[in-house]
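Trainee: Residue numbers (my numbering): 458 to 506.
One or more hints might be untrue.
[Stated by the list, open to error] So the derived label-pair ranges between C-beta atoms look like this: (1) C501 - G464: 26 to 32 angstroms; (2) S497 - Y474: 31 to 37 angstroms; (3) T471 - P496: 33 to 39 angstroms; (4) T467 - A491: 28 to 34 angstroms; (5) Q499 - A473: 33 to 39 angstroms; (6) E466 - N495: 19 to 25 angstroms; (7) P488 - T467: 30 to 36 angstroms; (8) P488 - R459: 17 to 23 angstroms; (9) V468 - P496: 18 to 24 angstroms; (10) W498 - T471: 25 to 31 angstroms.
Just so you know, the hints here were simulated from the structure itself, not pulled from any lab data.
Fair warning: this is a prediction, and the values are worked out from it, not measured in the lab.
Here a beta-carbon is modelled for each residue, glycine too, at the ideal position from N, C-alpha and C.
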Amino acid sequence: MRQYGRGAETVWPTGAYFKGGTYGTDQNITPSIAERNNPSWQACTNRDA
């Protein structure tokens, strides 16, 4: 989001979740265990939105 100058509300859903409750405030996707265990997997580790 910061690389493209977009706000979180334009990228992630906000408000009420259709199955009840509300969407959270997290703005990062955590990689799966399979990805993290792969020695060839690379990613940016900066968790700033």
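Trainee: Indicate, hint by hint, whether the structure satisfies it.
Mentor: Status of the hints after comparison with the structure:
{"no.": "1", "hint": "C501 - G464: 26 to 32 angstroms", "verdict": "violated (20 angstroms)"}
{"no.": "2", "hint": "S497 - Y474: 31 to 37 angstroms", "verdict": "holds (35 angstroms)"}
{"no.": "3", "hint": "T471 - P496: 33 to 39 angstroms", "verdict": "holds (37 angstroms)"}
{"no.": "4", "hint": "T467 - A491: 28 to 34 angstroms", "verdict": "holds (30 angstroms)"}
{"no.": "5", "hint": "Q499 - A473: 33 to 39 angstroms", "verdict": "holds (37 angstroms)"}
{"no.": "6", "hint": "E466 - N495: 19 to 25 angstroms", "verdict": "violated (33 angstroms)"}
{"no.": "7", "hint": "P488 - T467: 30 to 36 angstroms", "verdict": "violated (23 angstroms)"}
{"no.": "8", "hint": "P488 - R459: 17 to 23 angstroms", "verdict": "holds (19 angstroms)"}
{"no.": "9", "hint": "V468 - P496: 18 to 24 angstroms", "verdict": "violated (30 angstroms)"}
{"no.": "10", "hint": "W498 - T471: 25 to 31 angstroms", "verdict": "holds (30 angstroms)"}
Violated hints, listed in ascending order, are 1, 6, 7, 9; each of the other numbered hints is respected by the structure.
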